[in-house]
Amino acid sequence: MINTLYSLDALGTNRAFFLAALIGFGFGFALERAGFSSSRRLAGVFYFTDMAVVKVMFSAVITALLGLSYLVGLGWMRMDQIFLMPTIYGAQIVGGLLFGVGFVMGAWCPGTAAAGLAAGRIDALVFLLGTVGGSILFNEVFPLVRPLYTAGDQGTQMAYLSLGLSRNAFVLTFTLVAVAAFWLSERTEKARTGRAPYLGSPFLKAFSLILVALACGLFVLSPVSTRASVQPANTAAATAVDEKALMETVENARDHIEPEELADRLMAGEPDLVVVDVRPAAEFNAFHIPGALNVPLAELAEALQPYKNKGLIVLYSNGMTHPAQARDSLQRLGFGHVYLLTDGLQGFRDRCLKPVSLRPEPLTPVDAARVNAWRTYFNASDGTPKVGIFAKVVTAALPRVVETDWLAARLGTPGLKVIDLRPQPEYNASHIPNSLSLNVESLRGNIGGVPSMLLPPAMLAAQFSLLGLHPSDTIVLVPSDKMHDATLPGLAFERMGHMDYAVLNGGYAKWAQEGRPVNAALPAVTESTCPVKTDADDFTVNFKTVAATIGKPGTVIIDVRPADFYTGKKSDEARGGHIPGALNRAFSEDVITSSNKVVTFKPTAELAAAYRQLIPSTNTEVIVHCRTGHQASQTFFVLKHLLGYPNVRWYDAGWTEWAARPELPVANETQALKNKK
Amino acid sequence: MKTEANPLHGGPKPYSNPYLTGVLLGLVLLASFVILGAGLGASSGIARIGASLSLCVATSHTLGSAYFGKWGANPLHYYLVFMFVGTFVGALFSALLANRARIQVERGAASSVRRRLWYALAGGVIVGFASRLAQGCTSGQALSGGALLLSGSLVFMVCLFASGYAAAWFVRRQWHD
Numbered sequence: 001m002i003n004t005l006y007s008l009d010a011l012g013t014n015r016a017f018f019l020a021a022l023i024g025f026g027f028g029f030a031l032e033r034a035g036f037s038s039s040r041r042l043a044g045v046f047y048f049t050d051m052a053v054v055k056v057m058f059s060a061v062i063t064a065l066l067g068l069s070y071l072v073g074l075g076w077m078r079m080d081q082i083f084l085m086p087t088i089y090g091a092q093i094v095g096g097l098l099f100g101v102g103f104v105m106g107a108w109c110p111g112t113a114a115a116g117l118a119a120g121r122i123d124a125l126v127f128l129l130g131t132v133g134g135s136i137l138f139n140e141v142f143p144l145v146r147p148l149y150t151a152g153d154q155g156t157q158m159a160y161l162s163l164g165l166s167r168n169a170f171v172l173t174f175t176l177v178a179v180a181a182f183w184l185s186e187r188t189e190k191a192r193t194g195r196a197p198y199l200g201s202p203f204l205k206a207f208s209l210i211l212v213a214l215a216c217g218l219f220v221l222s223p224v225s226t227r228a229s230v231q232p233a234n235t236a237a238a239t240a241v242d243e244k245a246l247m248e249t250v251e252n253a254r255d256h257i258e259p260e261e262l263a264d265r266l267m268a269g270e271p272d273l274v275v276v277d278v279r280p281a282a283e284f285n286a287f288h289i290p291g292a293l294n295v296p297l298a299e300l301a302e303a304l305q306p307y308k309n310k311g312l313i314v315l316y317s318n319g320m321t322h323p324a325q326a327r328d329s330l331q332r333l334g335f336g337h338v339y340l341l342t343d344g345l346q347g348f349r350d351r352c353l354k355p356v357s358l359r360p361e362p363l364t365p366v367d368a369a370r371v372n373a374w375r376t377y378f379n380a381s382d383g384t385p386k387v388g389i390f391a392k393v394v395t396a397a398l399p400r401v402v403e404t405d406w407l408a409a410r411l412g413t414p415g416l417k418v419i420d421l422r423p424q425p426e427y428n429a430s431h432i433p434n435s436l437s438l439n440v441e442s443l444r445g446n447i448g449g450v451p452s453m454l455l456p457p458a459m460l461a462a463q464f465s466l467l468g469l470h471p472s473d474t475i476v477l478v479p480s481d482k483m484h485d486a487t488l489p490g491l492a493f494e495r496m497g498h499m500d501y502a503v504l505n506g507g508y509a510k511w512a513q514e515g516r517p518v519n520a521a522l523p524a525v526t527e528s529t530c531p532v533k534t535d536a537d538d539f540t541v542n543f544k545t546v547a548a549t550i551g552k553p554g555t556v557i558i559d560v561r562p563a564d565f566y567t568g569k570k571s572d573e574a575r576g577g578h579i580p581g582a583l584n585r586a587f588s589e590d591v592i593t594s595s596n597k598v599v600t601f602k603p604t605a606e607l608a609a610a611y612r613q614l615i616p617s618t619n620t621e622v623i624v625h626c627r628t629g630h631q632a633s634q635t636f637f638v639l640k641h642l643l644g645y646p647n648v649r650w651y652d653a654g655w656t657e658w659a660a661r662p663e664l665p666v667a668n669e670t671q672a673l674k675n676k677k
Numbered sequence: 001m002k003t004e005a006n007p008l009h010g011g012p013k014p015y016s017n018p019y020l021t022g023v024l025l026g027l028v029l030l031a032s033f034v035i036l037g038a039g040l041g042a043s044s045g046i047a048r049i050g051a052s053l054s055l056c057v058a059t060s061h062t063l064g065s066a067y068f069g070k071w072g073a074n075p076l077h078y079y080l081v082f083m084f085v086g087t088f089v090g091a092l093f094s095a096l097l098a099n100r101a102r103i104q105v106e107r108g109a110a111s112s113v114r115r116r117l118w119y120a121l122a123g124g125v126i127v128g129f130a131s132r133l134a135q136g137c138t139s140g141q142a143l144s145g146g147a148l149l150l151s152g153s154l155v156f157m158v159c160l161f162a163s164g165y166a167a168a169w170f171v172r173r174q175w176h177d
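Chains as they are written, first to last, in the numbering used here: chain A, 1 to 677; chain B, 1 to 177.
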């Protein structure tokens, strides 16, 4: 089986860049060989003087189509290892119509213009400059065209399924259309120019015959190809009444569960949720949804007997036909609440696990955060693709807050790195053995005039490299009596896409107080090379996003500064007060300080109850901020990782920036009261 | 797929057999599917160049924008940007090999350079915009998506040719000899 870089999630690596450039080389070479470095030749197709575009394009499409069909038919690769673009009818119809006009005007398209530029065509250069401009224009007006951009979104849709044909039948039809187009093109050229060297030539006859023969060969290779229609289930044993109920369920699509919903329910740890993978064991072992049971179709009813009518049962496979049959069969046997996963495993991978950076459509920060949460959760717990020692250190997903017992049991495990965030003199005096000292302030700097901003990924990567950290490491952050000294570095790791980190509850104080091992030796560090990930941070927002959020339904802004700063009674910034509509809950209310300066998070139940008062629903978009982003990192951590709110974002620049920008609105009750007097 | 003409011969060589060149292009596309797990693409690379220009001029505006913003501070760090550069180099190699590289504005003899370049610029702007809207161009949607039998890509291809033929008459004068 071939593994594509896409299926390995490695399209962002240097290796992929090199291979893409190499494939691009072949692409450019072929385009130029075809004469597509000439705008006149390209335009010829629209005036019936030179049909090379049709001949080359159809030959290429059919070659790749047949090649791919054979590779899949021989079992050497699977279609789900290729990135399949979504079908969005509105965008693609309007985009196609516009594109045609631009194509005939400019007589170039993006790929051929690159070839034209290489062949010295100045009109290609001008066209490319226009294309760059058109892309920028699109970005500028994107908010306006967004409805069209998503209009008629069907997800991944195969044309043969839309037409109710088998794949093989469609491929053969497509091939015949292409061959007909070749002959028509030759005839057209003959009629318009008097020259058609290939018309009726032995070459074109042989070429046409080979393509059609190869398309027919697919029927021999894989006679049972994917059918569009679901096989009718065996209805012999069912009573008419049961059948009616069944069909109603199917009709109302009550028998489906969407991948996003399943992911959220699994992450929430819903009890009595049974996920069943009905694929062969080999496929299950290669990849499955974490926590799923692998049950062959034949043994389904027996194996699921213990779960009958207890909670939800979700069935999935690669496609939907087999689970659909199984579901119907289970319902006939009296199983209630059996669902199939919409779009099967492929849908789950595409909609939940595909990295944000590889998605063709930009996600809102909220959706991106959801995707990253799923990726973190499911990729961390399936055990297979993880490199390094992660699986040895933690068996399940890493808890975000770890207790001293947890750390003591794992101290010294390779790949477990402890980072001490206390001031250096305290670290020098004594620390957890082998822990690394890190000054929180070294993670922040002035960005664009705003002080105390979390540094960009490249600078964080440089620092983490000096600390000898690796992407596969599990990080435990040890604060002093300020929990936010650990949560801010936590966000630095998240910005790097490094989600395997946890905060030590109670910090160093609790560790020392419990008499656990400490020493004063400096750890041996070998410098590493942390990769720079620039697309992992989907949680940081700027003032524009915050300004756009004010008063928007389904959103909450939480100002985590002490109440006096929120009301404007105290101010150490350009202006006092708060963002209009923002709620106030000081970060300090989320922790308990016991005697001996041991600071721990409040019990989760207590935190959950408190935030339920502020945040109307789980899906509410929450933005947290403070003065510099430091304290708000703690509230972010609490909401996102302890309470599981999926849509939490962090306004790093905070009140420092907001107060200093006079164009931004401020609510100040204290000032208002004074003015009244 | 070499042309038969003598390499020492002075003039540009004739183009290769379009069908066999199509097969070569199809094999490159197949290699892209098998190795990368994604098809060919050109407009995405150009759009990312646009995003990085936009970042140079207005950094915070671009990072905060709804479309380019998602590509982050380094939009060029993407496989299709490298593919676009490769396309240029591959074509240059072929053009030099066939003695076809010549600096010129391609147009009909009776058409002015100015008209041709204005058409090329306007066409470029429309194509740049349309490619973002449709999430791909002739390479990414028509060619790659077509070979994958995706409904949207095939619809895109049909619409592209339909409107191209409909508009051809209006812009024909750039090719008049």
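Quick caveat, the hints were computed from the structure, so don't treat them as lab data.
Even for Gly, the Cβ is constructed at its ideal location relative to N, Cα and C.
Misleading hints may appear alongside valid ones.
[What the hints assert, rightly or not] Facing chain A, a subset of chain B residues (Cβ under 8 angstroms, in silico): (1) Ile46; (2) Leu76; (3) Arg114; (4) Arg116; (5) Ser131; (6) Leu154; (7) Cys159; (8) Ala168.
Could you tell me which of the numbered hints above are not met by this structure, giving the numbers in increasing order? 2 and 3
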